[in-house]
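Residue numbers (our numbering), protein chains in the order written: chain A, 1 to 481; chain B, 1 to 184.
The set of hints was computed from the structure by calculation and includes no laboratory data.
A couple of the hints might just be wrong.
Said to hold, decoys possible - For lysine to any residue, the following SDA-like pairs were computed, each having C-alpha atoms within a straight-line distance of at most 25 Å:
#: 1; chain 1: A; residue 1: Lys327; chain 2: B; residue 2: Leu61
#: 2; chain 1: A; residue 1: Lys407; chain 2: B; residue 2: Gln31
#: 3; chain 1: B; residue 1: Lys79; chain 2: B; residue 2: Gly113
#: 4; chain 1: A; residue 1: Lys327; chain 2: B; residue 2: Lys86
#: 5; chain 1: B; residue 1: Lys2; chain 2: B; residue 2: Leu61
#: 6; chain 1: A; residue 1: Lys258; chain 2: B; residue 2: Val139
#: 7; chain 1: A; residue 1: Lys125; chain 2: B; residue 2: Lys86
#: 8; chain 1: A; residue 1: Lys327; chain 2: B; residue 2: Ser28
#: 9; chain 1: A; residue 1: Lys323; chain 2: B; residue 2: Ser14
#: 10; chain 1: B; residue 1: Lys86; chain 2: A; residue 2: Lys407
#: 11; chain 1: B; residue 1: Lys86; chain 2: A; residue 2: Val436
These are the residues of each chain, in order.
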Amino acid sequence: MTTLSLKKITSAWIITILALFVLAIAFGITMRFNQGANINLDPAKFYSLLTTHGVTMIGIWAVAGMVAVNYLLARYVPVSTSLNVFAFILTVVGVVMLWVTTFIGHFHAAWTFLYPLPFYVAWEKWATPVFLLGLGVLGIGWFVWAVGMMLQILKKYSLRHTFAWQHLTTKHDVAVETPPFILITTVSLIGIIVCLLAAVVLLVLFFAEYFSSGSFVNDPLLMKNLTYFFGHTLANESLYLGLATLYELMPEVSGRPKFKTTWYVALGWNCTMVFVLTAFFHHLYMDFVQPVGFQMIGQLASYFASLPAAAVTAFSVMVLVFKNPIKWSLTNILFFLGVVGWLIGGVGALIDSTVSNNIFLHNTLWVPAHFHTYNAMGNVLFSLAFFNWAANEFVGNQNETKSYSLKIVLLLIGGFGFVLMFYFAGAYSVPRRYSVYPQEFTSAALLASAGAWFACIYLVVILWMFFDIVKKCFKVFSPSY
Amino acid sequence: MKAHEFVLALFLVSAIAIAGLFYYFFLSSRQAADGGGVSNPTKKRFFFFTALAVVMIILLLVTIPKSPYFLFTGENPSKVVYVAAKQYSFTLSSSAIDPQNPVSTEAIELPAGQPVEFRVTSLDVNHGFGIYNERAELVTQTQAMPGYVNRLRWEFTEPGTYNILCLEFCGAAHSFMRTTFTVK
């Protein structure tokens, strides 16, 4: 059941996430203008911005998915407001700690903080432990919240029903239907819980070395595996939480019957749950000391983690929309475009996850190209769709009369224009994470400038939506509400 | 068509096809009446999933044998180059490098048309070892990781001066970490 306290805390999350998103986009645009030689930042400042941008974006869109599924989960099982508030407080504290380390402490080891770079201190000494602690604070908040949600689901659904295994057998147990929302939320929360546990191990190992005064030294290959297991899995599960929201809301706002869990939906998501946990190996393709078996698993898992979820979702959305009268609104158009952005980004990811391509694409701008596509034009749109729907829900009006065409046109031009500049530069071997480009990359600066201008258009639309959504969210705090 | 151009073309064609298809779905919904929808979805679903699975399997079978781990494995490299990366420079040498005193002893020249091997490590943080040709195209790469030696085998087909750029973020001067070698 949706209570007023749930509406209030969800509003607080939406306002905070969107405010951080606007700032993080501005940091990104600043970096692209610097790469375009339109401005001239000190390299350390550039990389502090890069670190802030990366860690903020990964964090807010992971937690945005949790906010959305927590709100919608209340339709099926009781949800804990206390855990929600606990996660919110720890998220705010964690973000403040991280931003203090980057802006005051000048920490700039990137969001990947790849071991042992954080120990090669080129910033304030205190910034390294505070950065790692900040990540720990975020992780604790989300871990406890995710476990709380999972336990609530398991109170109502047995383990078998949670994973929709009854839909896989010929003896279909019609007495219990697992809604797709419950299945996808479960799959995603399990992934989040597992990757946060990996993050705990990673942080413990960092601190063990930090406090050992040189008597304990970590293994760089193990630390790299742990870093990408945590980072890659978190980014993917965030996207799947967005899809859980889509499965729950898109048919509803479109005036169509709800999606049902069929055998192929159940099979697809169960496969995704397994494959996604080993896809991270593709981040280590260029580490030839990694066992070749892991590299092969990396490519297989990258192909087969994306295939079931993408194919099942694309087909389901096609069946929903094709030749059916749809009540289009900003909410479902954002879901619909999010699927398009996710699939297009997925093609870029699939190309990069092929080892024989990775050798000339790894750590070029092709990498930010594909992940910005499925985030900025995929996952972000899923969350914005939820935010828009929730804000309308808060004011009791889902029948928006305002035209959204201009917003959508600008969003498409800004978003796809921005990522296209990355793809062109990546295909032509321009390295990622360069504060300035060497002169042999003749078109890199021009593409960076163009990308920054396209991102400005994207930012305008986000600001526009921000004001529309936040205005409605603030109403739940009014005494007369 | 070069590999770089091929992947870009493949991506653009796929992206346009996806966008076009979904635009078509969108348009179909605007003129639709109740009782429409996809005819015979079960059959279409079976065809769609099977086609995707077949494409994926073909791609795996074609691309995996081209992975760098399997290149030139049965051949003896005509020359071995030892590489030590350290913030913010590369040391290249024809003989093993002393980690306490990493110095490049001579300019590196490699033969064209013969497999060579780079033994790459790092003396501090993670670095990348990206080899670029004179057209600024990334030819091949590996990572430079402390405590490990990555062996990269390659056969250069074109003579010329090659640039090595760091491709793993390693600190504030990452974009300036580079060196060169020659292929004759």
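Among the hints numbered above, which are violated by the structure, and what are their numbers in rising order? 1, 4, 6, 10
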